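Chains as they are written, first to last, in the working numbering: chain F, 1 to 340; chain C, 1001 to 1235.
Treat the hints as calculated values from the structure; they're not laboratory data.
Quick caveat, the model's predicted, so the values are computed rather than measured.
Every residue gets a Cβ at the ideal spot worked out from N, C-alpha and C, and that includes glycine.
Possibly wrong hints are sitting among the right ones.
[Claimed, not checked] Pulled from the structure, derived: some chain C residues nowhere near chain F, Cβ distances all over 10 Å:
hint: 1; residue: Val1146
hint: 2; residue: Ile1152
hint: 3; residue: Ile1203
[Unchecked claim] DSS-like, lysine-lysine: derived pairs with alpha carbons at most 30 Å apart:
hint: 4; chain 1: F; residue 1: Lys216; chain 2: C; residue 2: Lys1053
hint: 5; chain 1: F; residue 1: Lys82; chain 2: F; residue 2: Lys182
hint: 6; chain 1: F; residue 1: Lys214; chain 2: C; residue 2: Lys1052
hint: 7; chain 1: C; residue 1: Lys1221; chain 2: F; residue 2: Lys131
hint: 8; chain 1: F; residue 1: Lys74; chain 2: C; residue 2: Lys1053
hint: 9; chain 1: C; residue 1: Lys1059; chain 2: F; residue 2: Lys59
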Amino acid sequence: MFELKEVYKSFISEGGQVEAVSNVCLRIDKGEIFGIIGSSGAGKSTLIRCLNLLEKPEKGKVIFKGHDLLSLSKKQMRHERKKIGMVFQNFNLLASRTVFENVAFPIGTKTKSEVKEKVLALLEIVGISDKVNNYPNQLSGGQKQRVAIARALANDPHVLLCDEATSALDPQTTASILSLLKELNEKLNLTIILITHEMSVIKSICHRVAIMDKGKIIEVDTVINIFTNPKKPLTKSFIQESFNHKEIRNLIDKNKLFKENSHLYEFIYKQESASKALIATLIKKYQLEINIIAGKIEIISGESIGHLVIIIEGEDKSVKSALRFLSSQGVLVKEFEENE
Amino acid sequence: MNNLEKLFPNVMDLKVIIFTETLATIKMVVIAGAIAFLIGLVLAIGLVLFRKKGLFPNKLLFQLIDSLVNVFRAVPFVILLVAIFPLTRLLVGTTLGLAGSIVPLVFATAPFFARQIESALLDVEDGLIEAAISMGCSNFEIVYRVYLREAIPGLIRAITITLISLLSLTTMVGAIAGGGIGDLALMYGLRRNMLDITYITVIIILAMVYLIQFSAVLALKKLNKGEKKNEKVVN
Chain F
1 MFELKEVYKS FISEGGQVEA VSNVCLRIDK GEIFGIIGSS GAGKSTLIRC LNLLEKPEKG
61 KVIFKGHDLL SLSKKQMRHE RKKIGMVFQN FNLLASRTVF ENVAFPIGTK TKSEVKEKVL
121 ALLEIVGISD KVNNYPNQLS GGQKQRVAIA RALANDPHVL LCDEATSALD PQTTASILSL
181 LKELNEKLNL TIILITHEMS VIKSICHRVA IMDKGKIIEV DTVINIFTNP KKPLTKSFIQ
241 ESFNHKEIRN LIDKNKLFKE NSHLYEFIYK QESASKALIA TLIKKYQLEI NIIAGKIEII
301 SGESIGHLVI IIEGEDKSVK SALRFLSSQG VLVKEFEENE
Chain C
1001 MNNLEKLFPN VMDLKVIIFT ETLATIKMVV IAGAIAFLIG LVLAIGLVLF RKKGLFPNKL
1061 LFQLIDSLVN VFRAVPFVIL LVAIFPLTRL LVGTTLGLAG SIVPLVFATA PFFARQIESA
1121 LLDVEDGLIE AAISMGCSNF EIVYRVYLRE AIPGLIRAIT ITLISLLSLT TMVGAIAGGG
1181 IGDLALMYGL RRNMLDITYI TVIIILAMVY LIQFSAVLAL KKLNKGEKKN EKVVN
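Please model the entire structure based on the sequences and the hints provided.
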């Protein structure tokens, strides 16, 4: 769907030149929900704007369905943009137009009844049919974003770009917008590219994720791989945040749970490992004392991922062989880390 | 009726003149206002499009319009009036009467209009423009369907403020025999010491200002419906 080759974009700011997007290469496939996560200032917003040339990259290629967008004429580019829908953090609805008129806004050459049919169908899809004649400021944030999504879909785009689409919304509304996006992806086979600073967004709907830092993509993988086996420190800290490492550490310190001679581990395991009585085996077979500090099950890309934080007491030797046993059962064993 | 005659002795005698001069002022405001609005609109759109972050950044054109607007805004009206006499004569053949007053009024009002409209257009959020670009709108569509449409409440406010200031300028044209209510106040109220004429001109001007504001409030209210943020009262 999209292919970025060595895309580069910099800005001049007070402190000199800032490389917002630095030689990014990326491939996004048809039908996937692709997330880009990074802290603020990582360049993710600039990157997603490079996809429809709201920001023009200085170097590199942006290839959309086989065309290099940078080589198109203005008119051709306008045509391509109709195939790339975009929604924004602050909705950007036209205040002087009703919900109906907002959604009808981008629709080009069509008869009045065709437009009406299309708009009503879109409003039905995003679940806001009852607000047709309302004005944007009569709507809640979540409703506004639904209208914005309907508007972005008005020209039947192949891909939807979401620029922090849920960042201005409360958690509950965020969840409902995310499930709408997921539904659109499944029903319409719509490719979705979203940027966010929240791992929870990535976790709940993305298939693949890119982690961005200082203008560079530092890691790209399926969400499940990123969660079970993050490689780069920044990725790890995103995951740790998601698993509440900081709170767990506080809990351990506060209650002085950690004694000398004991080890602190986290286990990450997929559904199939969960069915076995692994912890019981550790206690019985390896004669270890086990204290479960925290346990959680995350649903990631439709798979349940178990996460346990455990203090093990026992002889070094039996601890080692116990961990080996766990690894052989498909459990990912890691020293508990907490890095900022 | 007798009381009224006692209070305004000259007004009753001069009511025909008062009527015609009021009409002259209205004509000045409407004609000069309409022309100045169009010129101001073009200049304002230029300022918005050519600015650094605009759709067609062009430093040269921006600075040209910007300084033109500033120069004409900086010159006090009475001086501008006299200074462009030759141009006025060239354009309309006279410096007197309605025709002679329209030209300087347009020159004085258009830059003011341009600044007011510019600020109304700049109030349209950048995000809306970005959204329109992302939907594949052409620059013309963005000006016409986004900037102008979304700025309508701001434009109404711009028109109100400008018309009221234009109204006050028309009274000054009277000083060089342009006619209108200002002329009336000078000729009769001042030179012939007819105090009641001065008062009646004040009343007429106030009535006009009120009428302009009232129409604006009405127009905004009608537009409002869902747009609560535009409910600011004019002036």
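Verification of the supplied hints:
{"no.": "1", "hint": "Val1146", "in the structure": "violated (7 Å)"}
{"no.": "2", "hint": "Ile1152", "in the structure": "violated (6 Å)"}
{"no.": "3", "hint": "Ile1203", "in the structure": "holds (37 Å)"}
{"no.": "4", "hint": "F/Lys216 / C/Lys1053", "in the structure": "holds (26 Å)"}
{"no.": "5", "hint": "F/Lys82 / F/Lys182", "in the structure": "holds (21 Å)"}
{"no.": "6", "hint": "F/Lys214 / C/Lys1052", "in the structure": "holds (27 Å)"}
{"no.": "7", "hint": "C/Lys1221 / F/Lys131", "in the structure": "holds (22 Å)"}
{"no.": "8", "hint": "F/Lys74 / C/Lys1053", "in the structure": "holds (18 Å)"}
{"no.": "9", "hint": "C/Lys1059 / F/Lys59", "in the structure": "holds (25 Å)"}
Taken one by one, the earlier hints fail for this structure at numbers 1 and 2, listed in ascending order.
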